[in-house]
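Taken in sequence, the protein lines are chains A and B. Sequential numbering of the first sequence, starting at 1, is according to our numbering. Sequential numbering of the second sequence, starting at 1, is according to our numbering.
If you are wondering where the hints come from, they were derived from the structure by calculation, not from laboratory data. Source: prediction; values computed, not measured. Watch out, some of these pointers could steer you wrong.
[As the list claims (entries may be wrong)] Restricting the straight-line Cα-Cα distance to at most 16 Å, the calculated cross-link-like pairs of lysine to aspartate or glutamate (EDC-like) are:
1. B:Lys205 - B:Glu156
2. B:Lys200 - B:Glu160
3. A:Lys70 - B:Glu156
4. B:Lys200 - B:Asp120
5. A:Lys65 - A:Glu136
6. A:Lys14 - B:Glu26
7. A:Lys14 - B:Asp32
8. A:Lys14 - B:Glu30
9. A:Lys131 - A:Glu141
10. A:Lys14 - B:Glu38
11. B:Lys205 - B:Glu160
12. A:Lys65 - B:Glu160
13. A:Lys70 - B:Glu160
14. A:Lys14 - B:Asp34
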Amino acid sequence: MPAGSLAEYTTFYKSAVPQLTAYIMAVYNASKREAAECAHEALVQYLHHRTRVQHPMAWCRQAAKSTFLKRMYDAVESFAEIPATGAPLYQSDNTEDPDKKQRATLLPLIAQLAPRQREVVTLVLASYSHKEIAEELNLTEDVVRSNLRHAKERLTELYDAQRTKGSGEHQ
Amino acid sequence: MSANNPHEVDAVFARLTGEYNDLVNELVAELDLDAGLEVALQAQRYSELVEELTEELDLDKGVNAALDTLNPKAVDSQSPDWPNYTYNEHSKPVTRPEVKHSDDARPPSQNARVGQVLDDIAAIRNAAIPFTPSRRMVDTLDELANGIRTRYLSREAATELVARAQGEWAWTMDALARSSPSTRTFDAVEQVLNLAEDLKALGHKVYLLWEPSTSDQWSGDWSRT
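The following block holds chain A by itself, in its conformation from the complex (with noise of 0.2 Å):
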């Protein structure tokens, strides 16, 4: 567990900002971009709290969190206004990879469960077990359980309508 020293947080940041990038893309269905900038600020505010936390990256994902909902209802504050320095993480503006995003066929999917099981699925993901995931989400770890199934059965049936969609737009 990271601590008090800028060591420590050097190698918490490099392994944190990644894994809180693809959590924030899995559960808002956010663009690499705004995800990896909300990864970045939330990993920037940890630094300043970083003595007085207990559970580093469940705190970091509530800051990602926060931030991204907050630019997301902010209409003054929208990602397209955030400046270069803001977002160091990207040295360009060319970062997308549609090649990328086209393979990626069951993550968009994600959004579109409810917003609970969208949290419980990307834990999971990320390899949380159910007992992490319950007290991260102050939950029961059935509740976790119970998410998790319909969840799974859920992400299923929309990828079967999905490749149902595909072959008929081939035919």
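Once you've looked at the hints, dock chain B against the given chain A.
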């Protein structure tokens, strides 16, 4: 239905797990983590410097010295009649030099505004309670009201709390949109949308609590702003 076939469900989830891991690996390769880290550390070094200076410098002494340069004989912050204290050798009225209010200190003349904002928060809070997923939003509003009431919050912290409440309300809207048609009645939809507008208006009112008091700024139909 295919979704009931456990093998297919497992296969789809295994594939999803693969996609997620690919995404994380792709991000590790793509993101300029060294540059991001450097920016984060620069921000930290700057705020550490500010903290260090705040501790080291005798700011009270500095403020008093600065005020004294304006009118060394007349300025007496210990006077019980302050700020209506008038004195100088020529009997001209002397007023205290205008000090810009810091973010943490709300002018006392705005008690009426504070009362109105607290009423608004209570109204939104009570209207939100029947919506089950709104618990966190209600807690956020309680925190906001308490912070304003005790004058503990800075403007930045207060606007952050309003933004959080708006974000949390968005979850309620999302949940309602995905609910069954029987739950999604016209009244429920209307109430949820109205509360979203009320939260937006609340954001403006909370922001203005830290502005100097002028009656024209506060009047008007805030729901349309």
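Verification of the supplied hints:
1. B:Lys205 - B:Glu156: OK: Lys205 (chain B) and Glu156 (chain B) at ~13 Å, within 16 Å.
2. B:Lys200 - B:Glu160: This hinted pair holds, its Cα atoms lying about 13 Å apart.
3. A:Lys70 - B:Glu156: Holds, at about 13 Å.
4. B:Lys200 - B:Asp120: Cα-Cα ~12 Å, so holds.
5. A:Lys65 - A:Glu136: This hinted pair holds, its Cα atoms lying about 13 Å apart.
6. A:Lys14 - B:Glu26: The given pair, whose Cα atoms are some 14 Å apart, holds under the 16 Å limit.
7. A:Lys14 - B:Asp32: 10 Å, holds
8. A:Lys14 - B:Glu30: 12 Å, holds
9. A:Lys131 - A:Glu141: 6 Å, holds
10. A:Lys14 - B:Glu38: 11 Å, holds
11. B:Lys205 - B:Glu160: Since the Cα atoms of Lys205 (chain B) and Glu160 (chain B) sit roughly 13 Å apart, the hinted pair holds (cutoff 16 Å).
12. A:Lys65 - B:Glu160: Holds: Lys65 (chain A) and Glu160 (chain B) sit about 13 Å apart, inside 16 Å.
13. A:Lys70 - B:Glu160: 8 Å, holds
14. A:Lys14 - B:Asp34: 8 Å, holds
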